[in-house]
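**Q** Spelled out, the chains give:
Protein chains: 2
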Amino acid sequence: MAERTALSTLETGTMSDLSTLGQALGDVRDSDVVALFGRTGSRRRAILFRLLPKERALAVFESLEPGLATELLGSLRDERVSQLIEELDPDDRVTLFDELPANVTKKLLQGLSARERELTATLLGFPAGSVGRRMSPEYIKVLETMTAAEALDHIRAAGHDAETLYFLPVAGENRVVVGAIELRDLLLAHPQAVVGDLMHEPILISVGDPEEEAARRVVDADVIATAVVDSEGRLVGIFTFDDAAAILAAAEAEDAARTGGAEPLRQPYLSARLLAVVRSRVVWLFVLVGASTLTVAVQDVFAPTLEQSLALALFIPMLIGAGGNIGSQAATTITRALATKEVRPRDLFRVLFRELRVGMLLGGTLGLVGFVPAMLLVGPDIALVLLFTVTAIGTLAAAVGGAIPLGARAARVDPAIVSAPFISTFVDATGLVIYFLIAKAVLGI
Amino acid sequence: MAERTALSTLETGTMSDLSTLGQALGDVRDSDVVALFGRTGSRRRAILFRLLPKERALAVFESLEPGLATELLGSLRDERVSQLIEELDPDDRVTLFDELPANVTKKLLQGLSARERELTATLLGFPAGSVGRRMSPEYIKVLETMTAAEALDHIRAAGHDAETLYFLPVAGENRVVVGAIELRDLLLAHPQAVVGDLMHEPILISVGDPEEEAARRVVDADVIATAVVDSEGRLVGIFTFDDAAAILAAAEAEDAARTGGAEPLRQPYLSARLLAVVRSRVVWLFVLVGASTLTVAVQDVFAPTLEQSLALALFIPMLIGAGGNIGSQAATTITRALATKEVRPRDLFRVLFRELRVGMLLGGTLGLVGFVPAMLLVGPDIALVLLFTVTAIGTLAAAVGGAIPLGARAARVDPAIVSAPFISTFVDATGLVIYFLIAKAVLGI
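For the protein sequence lines, the chains are A and B, in the order given. Sequential numbering from 516 applies to the first sequence in the numbering used here. Sequential numbering from 516 applies to the second sequence in the numbering used here.
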């Protein structure tokens, strides 16, 4: 109850009463503060953040979405910014740096202690989008010749700065990874058992691998972490399950936004400026509406047909709507299957063959169910036109919806960009052509 | 290289040559087998599964999507099914049982050993969809009076069956949770330090909490696990990060499918039967197309207007397309924000006020940019109609797209169901009304 009062004070209380706000902060959890920051304006956020004790400020800062974190930095004194950046884990720091302009990054890098600067510079040396920038360079490795007891002593001695103690790569000569072991296995083993006998084969991730691909492997394998190695198989870092899950979640947020025809906001909706919301949508909207001017051209070409049978116009929104829906269903399914690696670009023909049949079945079923009502409403001729059209459009829409995301992936374009709304627009124009051609043929006009 | 050959043998090799298939299985990882099962037909899947050594078969089975796992069970002898089910972790077993018909579950439950049956029955006693069914009842608890050394000894002795050793709830009298500690902190502490001094405040999840909500809390807090307690605060299980991440991933897959107007397949796309794909789409398609017959009615009402100015017909697909896109953008953004708890139903008015302005800005910008080309194409009167219409439709579409998912959530309907395609369809019909009314007013017809 005290918590709820505190939350509402923090969200709507007067901003000049700093002592009340500070007290309210004491009554809520760090995760509540993070959620709150996603609902408030930037000024309130900056004030509340400055009221947090240092330890809590760091915990909150680490959990903020990148868009919010960078904005918050702009409201703090340089000295405070340096402190915060110094205390971040190297991989979190690099994730933040990826959001900032190069000159800011450079300045922040110079402000770091020698050790942290070196760790950070190493990660920044790997290409953008590679797992090298997301791994942790602060790991504990054990040797295959150690006994379980020795390994545990080593972990106790070296563990204070490590990202995790629970996953331990096993290194041989020249830091080459020869295995991996979990703390669980060390702890449950006989103290004199040798690491080389206890370890298992590791999942190895190359430091240059794309982050999303690496993340998918870690999450699919359901392991605490994996070893990250360079081209000679030498250990350079570890990549943890929670970081992998966060990368996949961000990728899914991006896919979800683009499937809806917008760019991701990269910060909580209610905290974003109105123009930032407009900006995230306006570009794709113009592209889509620009493409849909094609429908104007098609209708212009077939205007004489429409003049002869105005009844045809009645069904246009419904027909292209059906095509858009069937296309969206296929596109969404395939975009998702690509994201989870269930389907790959080389499966194009399998997908195409499936979707052609699925689309024909869906369109044909719709057409047959609608035939009798249409016949009663506008007569057998137009009902027949509708049946043929919806079957053809359904087949086309599903095939296009299935094929385009695969083509996009093959061309290294994000499939989510060209999925649902893009395909609806494409199907609108071609669907109209199909409709008018079938109408001309059946009605003899 | 050997791995790649083996994979292609497994995917396309002749199914009668069991020894070659068996050898090829030896050359690939468990995760590759899981991926392969998502690409093959059910017969090949059943044969390959039976060729796997028992240990590997269990690992593969645990990683299969529920739809595949249940199908596979149908192809195995009863005895083999019992073995597999016996070896699953209790929470994985219950997840599988949730997919099966009640009479099958009952039979499988009777085949379990006494200990496993009891653990499973406990989980099955919690309501469907609650975290009680997804938690692990095999945890290790420590007492606040133990020293770190004693706690480690206890973990060594009790750890063999536990789901994790890394998160340890601390129990007081009557199993009431008084804290939590990580193995890391025990290992790095002085051996004589007391658990009560080392432990931190736990995140407590109630056993009846909805699984998705609990999962979101665990992932947001980025903790290895949380304690699950009953209404008296007594420990009943733990809920781990990886299980939470899997629940969120399944929820996102469901949202993604529904945003595209289909039900989730619950198994990999290429492995699903054609009719299963049709079935996942046909219901929503009929609902959407059924709703879109409204557009036929609207056009019928305004047929006289259309007859007087056939030029109006040219722009119908483009206008309703623009409305559909603006509505989809808003719906997708808000559905996602609801899923991540950034926005709640009580934020309705904040969202509505934002989306009204965003929609007006987007529609107005589109209208202004299109005004001059439209004027040149069809003259100033219709250009003006288009400008007014697209602004009005944009405002309406964004507001409806933002509000409907919130309304759905408040009414305990999945917001993803009523998002993009549903809203496009709604905006189609109302958009037409707006268009014709504005046209009548401006053109004076």
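Rather than coming from a laboratory, the hints here were simulated on the basis of the structure. Quick caveat: nothing in here was measured; it's all calculated off a predicted structure. The C-beta atom is built at its ideal place from N, Cα and C for all residues, glycine as well. Just so you know, not all the hints are guaranteed correct.
Stated by the list, open to error - For lysine to aspartate or glutamate, the following DMTMM-like pairs were computed, each having C-alpha atoms within a straight-line distance of at most 25 Å:
| # | chain 1 | residue 1 | chain 2 | residue 2 |
| --- | --- | --- | --- | --- |
| 1 | B | 569 | A | 716 |
| 2 | B | 856 | A | 757 |
| 3 | B | 569 | A | 735 |
As the list claims (entries may be wrong) - A few chain A positions that, by computed beta-carbon distances, are all more than 12 Å from chain B:
| # | residue |
| --- | --- |
| 4 | 603 |
| 5 | 642 |
| 6 | 667 |
| 7 | 686 |
| 8 | 795 |
| 9 | 821 |
| 10 | 922 |
| 11 | 924 |
| 12 | 944 |
**Q** If you check each hint against the structure, which ones fail?
**A** Per hint list: 6, 8, 9 and 12 violated.
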